[in-house]
Amino acid sequence: MSEKHLSIILNTGRTMRQGMSMESDGKWSKKYFEDVAYIELNPEDFKTLGNPSKVKITTNQGSIILLVRTNNRVKQGSAFIPMGPFASMLVDYDSDGTGIPYLKSTKAVIESTTEPTTTLQDILKILEAKVTEIPMMDLETKHGEKRVIENVSCPFCGDVCDYLRIEVEGTKIVRNVGGCAISISKFLNYNKHRILKPYIRNGNRFTEVGLEKALDIAAEILANAKYPLIYGLSNTCVEAIDIAVEIAEVTHGIIDNTSVVCHGPTILALQEVGAVTATFGPMLHLADLVVFWGCNPREAHMNHISRIVMARGRFSEGRKARKVVVVDIRKTMTADFADLFIQVEPSRDVELLRALRMAIKDLEIEAPRVAGVPREKILELAEMMRTSRYGVLFFGMGLTQSEARFRAIEEAIKLVQDLNEWTKFVLLPMRGHYNVNGANQVLLWNTGYPYAVDFARGFPRMIVGVTSTPDLLANGDVDAALIIASDPAAHFPRKAVEYLSKMPVIVVDAKWSLTTAFADVVIPAGMVGIECEGTVYRMDGVPIYMKKVLDPPPGILCDKEILGMLLKRIKELKKVGI
Amino acid sequence: MMIMSFVLKLKSIPRVLTDLRNISPDKFAGKNIDEIRNLKILEGGAPSTLDTLFDIDGPSIAPAEVKTIEITIENSVDKLCFVGYRMSNGKIVVKGNIGHFIGYKMKGGTIVIYGKTRNYLGAKMVNGVIEVFGDVGHRVGCKLQGEKSGKGMRGGSIIIHGNAGADVGWGMAGGTIVVEGSVGNFAGSDMVGGVVVIKGGSGIYPGLGMVSGRIVIGGEVKAIVPSFYLDSLIPSLKVKGITFQKPFATFIGDAIVSGKGMLQISCEDNKHILELYKDILEEVRS
Amino acid sequence: MMEMLIKNGIVIDPLNSIKGEVMDIAVRNGKIVDPSEIDLSKAMVIDAKNKVVMAGGIDIHSHIAGPKVNIGRLMRPEDHYLTNKPHALPFRRAETGLTVPNVYRIGYGYARLGYTFVVEPATPPIKTRHTHHELDAIPIIDKAAYVLVDSNWMALDLIAKGDRDLLATYFAWLLYTTKTYALKLVDPGSDFSWIYKGRGIDIDEQIPFYGLTPRDIIKSIAEAAQILNIPHKVHIHCNRLGYPGNYSTTLKTMEITGTVSKLTPGYTLHVTHVQFTGYKGDSWATLESGGEDIAKELNRNPDVTLDLGQVIPGRPATTMTADAPFEFVLYHLTKWKWYSTDTEVDSAAGIVPYRYRKKNYVNTVQWVIGLEIALLANDPWRIFITTDHPNAGTFLDYPKIITWLISKKAREDTMKEMSQRALKRSALPSINKEYTLYDIAIMTRASPAKLIGLEKVKGHLGIGADADIAIYDINPFEVDISKNYEFVIKAFNRAWLVVKNGEIVVKDGEIVNTIYGKTYYVKPELPEDLEKELMKMLEPKFREYYTITLENFVIKDHEIRNPAEIKIKTLLKR
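Going line by line, the protein sequences match chains A, B and C. 70 is the number of the first residue of the first sequence in the working numbering; add one for each residue after it. 339 is the number of the first residue of the second sequence in the working numbering; add one for each residue after it. 170 is the number of the first residue of the third sequence in the working numbering; add one for each residue after it.
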């Protein structure tokens, strides 16, 4: 290999900026492009490559060219690209039969290059997107009456902070007190690049149509499909998801939600072994040890730390009475304020968790190092955990998206179950979307399963590796799709996204997502938590009824109504209506 | 014994996953050819009949004795699923690739595949033989998500002349799986019995959670969990008629479940693992 | 809504003292009316000759909805794989699940048995919105829920303070804002002890930090319930559930009624799934039934009611309760899956799959306890048939329990397959009592309606009742229900016809219509100044204790699909 080639392990994930620009300017914007189209290298690797300004990154899925940044946090031999359409071009779609692709730890080769950087249009062309130019516009806001709405809940991440104070002037949201930077971005920019009308695709352009016509065409697509897929749902309310389940049942199709690529593995682990958990309350009041494993709340769940770790509880003095431990493959922003940082080798968490379990049970650990961590450190952490009064383990994509997938979570759960012999210890997955937990709950009570549910045989079935969306799309196993409140085109592996261009796709969303580039029908919706009311479930299962602070734009309905109208038409077409 | 052969030639390629659990010697037995042509299938969620997808040739009536029935699928594609579900006897030959859940809960008989398969091959197999001349997907011979360990394959044998994916033999209780090539992660995990022989290498953590049973890996193992204890070194190894003329290290585990299963890995391909146990290697050698 | 006349049925209606009379029942606009009011030319006439007609069944304790039920579903996919029923649209949605079924199987399953009202017995305040989502999703049956209060920090603060009126005011507020029906105590005080210190406690031990005992907690809450005048007062799952020797705790709990002044009508306290807290002996090996002692106390104490929590042997179960410490213990015995959650400042819960085995000594003793208590009780109006679904068994096996109560032969046939060693130490083999279908109707219709204070409109077939009717294909005058009890199982497994709110929902044992019932909850009336005083105390505490705002905690009226509000006049004075 020439000295200008380097083999590295590629990681993807959220960043604060990516989250903000996704909500403020949207995925078609220059700002978003700047926030996701780059690769971060370790300064030493950067030097080895000859200090290039651009590199070509190649994996077994293809190649793209990105601008380079350096970051001390990136370990040598690793690289980082924020999650988004660029990262997605490189990751492997194979889910190992678990439903979740290889989103972290992808083997890649990078080399310096002078070729032009890959643009969004390049990507859309490679993916054979149906439409590459969208009629994007902002909703005009009008100045007017000043209103203050208290106790508003935030529709972004799984923390669902429900204490926001939103100030509105006319239809302009001017202030968000209590929300984190991403929350502020979402509220204040709620009107940007909205889908304002229903559209039908004509060739490679969208034509405006009336809502009734759009719904008619959408219903025909779904009723005539042999195996339609309904996907997304994590950014809408429980009341809407309930109706989506009925649509899947009536059309004998599949209903799935974003947990399949996020905490799906956590849920699979729960199916295998159970879990020991808590809501935020006991953690706030009692926790004296907080472990963040494979998650970076300071960038993805920004109020989480102030609400649960920093704040004082009834039986806790707050930060000064809590030890914070971070376990991750690189020193994240969250690790910066930890009392103990343990760097684990990528995808070796199972070994480390196993060794911790062995230490807790006083079993001998034969190897001097496990997953890159010296045995003494493991024993130290085990003792910290055993002697805590109330310990909490928060975990995220670092565990679920690693190679071990649900087995890493299973190991973490078993560790916590083992610790309960000694003390109070709980764990909680850091859910990404504000209602992905709600989507799981709705599917569970309706079908007995949390995601990847199909009704092909007239009753619900969940078989990961078969009925899970990444597998269905990457292998072209379905023949129509209804994507609701989600953007798989931005976050699914390339091979899965490509298939969206090969079948009819209906998109119901508030904003112009990248998935709209693959749509045949686009139906505009109001934003839950801002324009539409509805219930959502916080990451710890607490259900919150979200208010609205504004009405939806004229002519635009909420998901619940849209899906209700769609269901009625489908029932008539399938002759199962009353 | 007179073999009664049916040939199913795929004439129309289904677009979506298709449920063909009625392609099984048991389902054909005693039926006339028109009844066989009308056997139900599901394309996605849409019901249809076998003759919509296949040209079916064979005797005008299938014998009642299941073991005399042989079904050949020609031009097979990877959308065809559940073929051989619960079959008790007879033979199915597949020419081409095929989909998920082939030989699911099989009780006997033989399935031979000249091509690749997708996931869940021989899941929860009770008995019989499955032989694949090609690569297979994930979760061969496994249990289903949420089931207890031991609800996987419990008898029979699966032979793969190619590579397999992750979770080979997950939760198996008996029977034999042989893979000529390499396998993915977690081979033989949560095993309570049975034998898994892999001639090539494997991904991470084979035998995770294993209680009993035997796993033999002739190539490079990416990593093992620290709860496997090094027990002995042997100069060569013979298992299920396969001979490895090279030294193996035998690990006993998984200690975390007080498991006494055997995980045997080739020494020369796994120096990176044995290196971590070099202090104990001295003890074990003596 | 149409008119209906059910002719010639053998009516069993204990609330109206009808013991198997052949008579007509008329329905109009969802209510039972005098047959003379029916226009025969327009009405649907149903000939119920040779069939038993009862009011729809009422189950006062069954885990059918809420956060832990949903996690139960998640944890038992292996159940779902084997038990699917494809849909028959538009009448019937798809069903799945055995011990923790989906909402459709729950509603349809109960309807097929002829039940029309089921109560979810334990919902933690902060997640009760979730419980209502699931209750709303369950088809056909009417429902209600009991709210967990024994380990709630607000309640414990007020109990420690000794402010009885403010405690009652708080509960009045809580019942209304969570849209629930009665006050539930589970292993009282133990969830607080579990969250704080990782262990449960017995009735006279002190809980950490507060120093209160469960006895203090039970008494205070029972007294508050008296002041509130809610029809069903306190529903108690006793301390030390699952431990050999715990029957003494149950007796002590029942005796607390002696220390609570009866200020308003209704029983003072209800002990639930008493089987699980009826264990004599000091270890699993020496386990014996405490059923005789408990039946004796029940017979002596007119202020107490209990439900059985009857074990169904040879069947799988999924234990799920707010008794988190107990579930941790059970996990050690089963060594398989275990879920546990600490719920805010309200409660905790645990889930562990289990299976009751016929030949197993302990499981046989458990089976015996419920039946001993039921058969030795003098007053069938104070015992209720439950399996604490899905803890001791699923509700689908209620017909089996009926046969054990009405047929000694049924008991003997089952005993043949159980552990003989356990049976030797039990009184059950020597009990000859056989209940009648009238008694069964008391236990499953009439007295549950009374227990929840709805006997005016539920649990009977008199004029003015809601038209919730179950017709079973069995003639007790022609069939010897004791000798040929298998006919009873057959008839009660699949009701011949079920009417809900005047609409036919089950025909020949199958669902023909999916409609939705009502969710009942109480609104105890609060004097304005007491409410103000309460909010003054509550607002800062809420901010300090909960991680959700007070405003968002409250469940608004529009959040319930079909609300049925029961206004209560309390004894709270300004």
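Hints may be right or wrong, so weigh each one.
[As the list claims (entries may be wrong)] Sample of chain B residues at the chain C side, in silico, Cβ under 7 Å:
#, residue
1, E412
2, G484
3, S495
[To be verified] Straight-line C-alpha distance at most 25 Å; calculated DSS-like pairs for lysine-lysine:
#, chain 1, residue 1, chain 2, residue 2
4, B, K598, A, K430
5, B, K560, A, K144
6, B, K537, B, K560
7, B, K433, B, K369
8, B, K486, C, K585
9, B, K378, A, K643
10, C, K366, A, K392
11, C, K211, C, K676
12, C, K527, B, K489
13, C, K366, A, K389
14, A, K637, C, K585
15, A, K644, B, K378
16, A, K389, A, K400
17, A, K616, C, K527
18, C, K676, A, K644
19, B, K378, C, K254
20, C, K388, C, K738
21, C, K692, C, K585
22, B, K378, A, K430
23, A, K446, A, K400
24, A, K116, A, K73
25, B, K486, C, K504
26, B, K598, A, K176
27, A, K73, A, K176
28, C, K676, C, K218
29, C, K211, B, K443
30, A, K389, A, K446
31, C, K585, B, K489
32, C, K710, C, K692
33, C, K652, C, K188
Don't read these hints as lab results, they were simulated from the structure. By construction, the Cβ of each residue, glycine as well, lies at the ideal position given by its N, Cα and C atoms.
Hints versus structure:
| no. | hint | result |
| --- | --- | --- |
| 1 | E412 | violated, 32 Å |
| 2 | G484 | holds, 4 Å |
| 3 | S495 | violated, 25 Å |
| 4 | K598/B to K430/A | holds, 18 Å |
| 5 | K560/B to K144/A | holds, 21 Å |
| 6 | K537/B to K560/B | holds, 15 Å |
| 7 | K433/B to K369/B | holds, 24 Å |
| 8 | K486/B to K585/C | violated, 30 Å |
| 9 | K378/B to K643/A | holds, 20 Å |
| 10 | K366/C to K392/A | holds, 19 Å |
| 11 | K211/C to K676/C | holds, 20 Å |
| 12 | K527/C to K489/B | holds, 23 Å |
| 13 | K366/C to K389/A | holds, 21 Å |
| 14 | K637/A to K585/C | violated, 55 Å |
| 15 | K644/A to K378/B | holds, 22 Å |
| 16 | K389/A to K400/A | holds, 22 Å |
| 17 | K616/A to K527/C | violated, 53 Å |
| 18 | K676/C to K644/A | holds, 23 Å |
| 19 | K378/B to K254/C | holds, 18 Å |
| 20 | K388/C to K738/C | holds, 22 Å |
| 21 | K692/C to K585/C | violated, 50 Å |
| 22 | K378/B to K430/A | violated, 54 Å |
| 23 | K446/A to K400/A | holds, 17 Å |
| 24 | K116/A to K73/A | holds, 10 Å |
| 25 | K486/B to K504/C | holds, 11 Å |
| 26 | K598/B to K176/A | violated, 35 Å |
| 27 | K73/A to K176/A | holds, 17 Å |
| 28 | K676/C to K218/C | holds, 15 Å |
| 29 | K211/C to K443/B | violated, 55 Å |
| 30 | K389/A to K446/A | holds, 23 Å |
| 31 | K585/C to K489/B | violated, 31 Å |
| 32 | K710/C to K692/C | holds, 23 Å |
| 33 | K652/C to K188/C | holds, 21 Å |
The structure fails to meet hints 1, 3, 8, 14, 17, 21, 22, 26, 29 and 31 from the earlier list, while all remaining hints are met.
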